[in-house]
Amino acid sequence: MRRNGSACWISSALLALAAAAGPAYAAQGNAIGTAEYLAAYHLSVPPPPTAQGTPVALPLSEGPQVTGQARWFRFEVRLGTGTRQLAIYVPHVKPRAAVYLNGSFLGATDGFRLTDADSWNHPLYVLVPAVLAQPGVNLLLIEIEADVGDDFKLGPIQIGPDDDLLPVYRRQLWVQVTGVEVVTLLVGLIGAMAAVLWLRRRKEELFGLFALSCVIWMVRNTEFFVIRTQLASVSVLSAAALFWLVAVLFRLSFRILDRRFPRIEAALFAYAILMTAAIYFAGNAHQIAVTSIGYAALLPIAGVFLFYLTLATLRSPTVLRRLLWLAAMVTTLSGAYDLALMLRWVPWPAAYLMPYSAVFYSVTVGWALIDRFVKTHGEYEQLNVALDARVREHENALDAQYAKAAGLERERAVAAERDRILRNMHDGLGLHLISALQLVERGAHTPEQMSSVLRDALDELRIAIDSMSPTAHDLLVMLGNLRYRLEPRLHAAGINLHWNVADTDRIASLGPMEVTDITRIMQEACTNAIKHSRATEMSLSVSCTDGEALVISISDNGCGYDTRASREGVGIASMRKRARNIGARFTIESRPGQTRITLTLRTVSSPSAPAPV
Amino acid sequence: MPIDVAIVEDDAAPRERYAVLLASATDIRLLWTARTAAEAVRLLDLEAPQVLLVDLGLPDGSGLQVIARAKARHPECEVMVVSVFGDEEHVVGAIAAGASGYLLKDALADSFLNTIRELHAGGSPISPSIARIVLNRARPAGPRASGEAPECELADREREILVLVAKGFNFQEIGRLLEVSSNTVKTHIYRIYRKLSVHSRGEAVFEAKRLGLLDF
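From first to last, the protein sequence lines stand for chains A and B. Counting in the working numbering, the first sequence runs from 1 upward without gaps. Counting in the working numbering, the second sequence runs from 1 upward without gaps.
Just so you know, these hints were derived from the structure itself, not from any lab. Worth double-checking, as some hints may not be accurate.
As the list claims (entries may be wrong) - Computed footprint of chain B on chain A; a stretch qualifies when at least three of its residues, placed anywhere within it, have a C-beta under 8 Å from a C-beta of chain B:
1. 301-310
2. 358-372
3. 475-481
Claimed, not checked - Output of the computed footprint for chain A on chain B, the stretches with three or more beta carbons under 8 Å from beta carbons of chain A:
4. 85-96
5. 101-109
To be verified - Residues on chain A that point at chain B, a partial pick, calculated with CB under 10 Å:
6. M450
7. L454
8. R455
9. H498
10. L540
11. V542
12. C544
Here the structure is a predicted model, which is why all the values come from computation and not from measurement. Using N, Cα and C, we set each Cβ at its ideal position, and we do this for glycine too.
Turn these sequences into a full structure, and let the hints steer you where they fit.
Structural data, given as structure tokens:
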């Protein structure tokens, strides 16, 4: 609805313009009588009242044969007896004219007597001094210069009270001249903005075309209001501008529709070049005729374009296409109207309307630019949203992957831990409980034996629990804990333990599994000694050799035992097995007074990890 | 003058074992036994022991409460945790609450009694793994920014001693290595225990958590 509303508004504004220029003013109480053409008289020297003239009828659209330096027209004006200030109003006179009443000069159009001036589009308005006007018949003379071009016109003349005529004159002046000036200024401003935009973004052809069309439109419009032109060629330019304007506007319209018709566009530019040359070479004498023919030829082209545009708009009636259609329609219609006016087919007074259609084009192209900006911005936003979504998607995928990897890692760690605990239970506590069971089942046990086996089981359990503690990787702490627990028993057995541990970093590189197994082996060796060796001295040493081997040994001065004997063999076999588990070399030497068990581990040197303080 | 010992233990078998062990010594007297934390708290108010043995897992709460209460009411009372495994997770929390080390439930009679005697005489036993954990958790020695709240900070000598304990050396060996008497070593250990402990249960738990010693 709003669109139609604006279209209606624009149409009615156009109609109002036409209407304002349209109706003729009916003179009140004063009448223009006979009109005569006075041939062969001089410039600025009014012919005498007695001069013979040829009767003519207004409006005149074709100049009479010029026989002198000026064309003189004489009118008999019958005036009433009123005391109101009188004025004479000539809406259309071309080229420039001067007005005389009863032989006295009253006034002239701007630029009168200036050969390079052209104020053909300006209405003429002069006041009549009371002393010159006399009741009854007065003689009104109008002098029209004969030396500027071949275009001539003299519209109806009105004489009446200034109060009545002035508003009419002012309205006509506004429509014919001032309004065009305002529109031209507006087009210039909008064009300048478009030009700046285009300079910033050269690839946006639309901006450049629009700025160009604004410039051409300005040049075109100067014809309607510029009075003094120092360059004669400006009028040529102004006349030719319409052809260029059409070429540029067609191209612009195609771009707005996202279409390209290179041949049509090229043909229109070629036509503009041709017409510019034709108008230039036609000279003053034939300029109007050539221009009129050229303009007329544009009308069918515009008609075809309008037809195409109508189809395009019907096919896809976007706001932009409707606006473009409206602008093209208004431009074409006003162009046709102006051509008719030029050819005197339209009753006077009237005004050229095409300069105003620039407004419609400005609105349309302005809308196109805004539309394009908004769309581009929207696309960027959508692009950003899409990009964000993709980034999030990737993040989520990565998170899921990490979570999965972490889950797997956790599962692996849990499985390894479970294996370790199971092995601890199986190899340690399980074995001890089985031997306790065996003792009980055989019934061949003493309380001491029983207590010893259960204590071993508890020791095993403590090592298993230690192996899960945060310090489980620290060999010295674990061996120390073992000592801390066994010390009372060693003391009770009369064994003095010497603690010879070296301060070494490499021990830190052991894992809890190795540490636990080393501790078990040492525990087994200790408890064996407590139970069987009758030793008094025992020594546990931990050291590192230069060859990056960790050596742990335990020795006592007890009775020793036969390493091949089966009874002790069980414990030793178990120690051997554990040493194999952790890749350690296990050696045992035993004779009376000297038993030594040695574990040798190849370890990864980690000089970068200093020993914990 | 026998040493007055009290026991907080909910299981009958170990309770009886301790009673028998303590009865075998003439210089040690069993003052009372409690089965629950509530009972222990009530008895503590009635009669103060010189040495208190506490099991941490009590039916009506944690033994930490009892330790904190004992240290708050009777600062001179020495507390020892009695544990099956002596695993540091339990013991170190108890130390923060005011305990001085632990006794194993299956400890040999002599060692059980000797530990009580030594504790009464001012010697606090410390296992290598507890020493290691205390070392790991304590702030490194050296100057600290002004305005910081005082933390558990170890003196250099205390640190040295803990390092040696963590390597399995006993007090006599440490005394030889550092060229001090084993009694001096004991005094340092005792001081370390006091540094680690605070005198209310809330603070104890907070302290233990801050030191990363407890996972509740």
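**OP:** Against chain B, run the beta carbon of M450/A and see if the smallest gap drops under 10 Å.
**Re:** Since the shortest Cβ distance to chain B is 13 Å, the answer is violated.
Original post:
Quick one, is the V542/A hint okay against chain B at 10 Å, beta carbons?
Top reply: holds (9 Å)
Subject >> Residue hint L540/A, partner chain B, criterion CB-CB below 10 Å >> reply: holds (8 Å)
Original post:
Holds or violated: L454/A as interface residue toward chain B, Cβ cutoff 10 Å?
Top reply: Cβ of L454/A sits 8 Å from chain B, so the hint holds.
Subject >> Given coverage of the segment 358-372 of chain A by chain B, checked by CB-CB distance under 8 Å (3 or more) >> reply: violated (count 0)
**OP:** Check, residue by residue, whether the segment 101-109 of chain B contains three or more positions whose beta-carbon lies closer than 8 Å to a beta-carbon of chain A, and give the verdict.
**Re:** holds (count 4)
Subject >> Claimed coverage, the segment 475-481 of chain A by chain B - three or more beta carbons nearer than 8 Å >> reply: Satisfied; 6 residues make the cut.
**OP:** Using Cβ atoms only, decide whether H498/A comes closer than 10 Å to chain B, and label the hint accordingly.
**Re:** holds (9 Å)
**OP:** For the hint on C544/A, just tell me whether its beta-carbon gets within less than 10 Å of chain B.
**Re:** violated (14 Å)
Original post:
Taking a Cβ-to-Cβ distance below 8 Å as contact, does the segment 85-96 of chain B have at least three residues touching chain A?
Top reply: Satisfied; 5 residues make the cut.
**OP:** Under 10 Å, Cβ to Cβ, is where R455/A needs to be relative to chain B, so tell me if that hint holds or is violated.
**Re:** Holds - the Cβ of R455/A comes within 10 Å of chain B, reaching about 7 Å at its closest.
**OP:** Confirm or reject the coverage of the segment 301-310 of chain A by chain B under the rule of 3 or more residues with a beta carbon closer than 8 Å to the chain's beta carbons.
**Re:** Violated - the segment 301-310 of chain A has 0 residues with a Cβ nearer than 8 Å to chain B, which falls short of three.
When held up to the earlier numbered hints, the structure conflicts with 1, 2, 6, 12 and fits the remainder.
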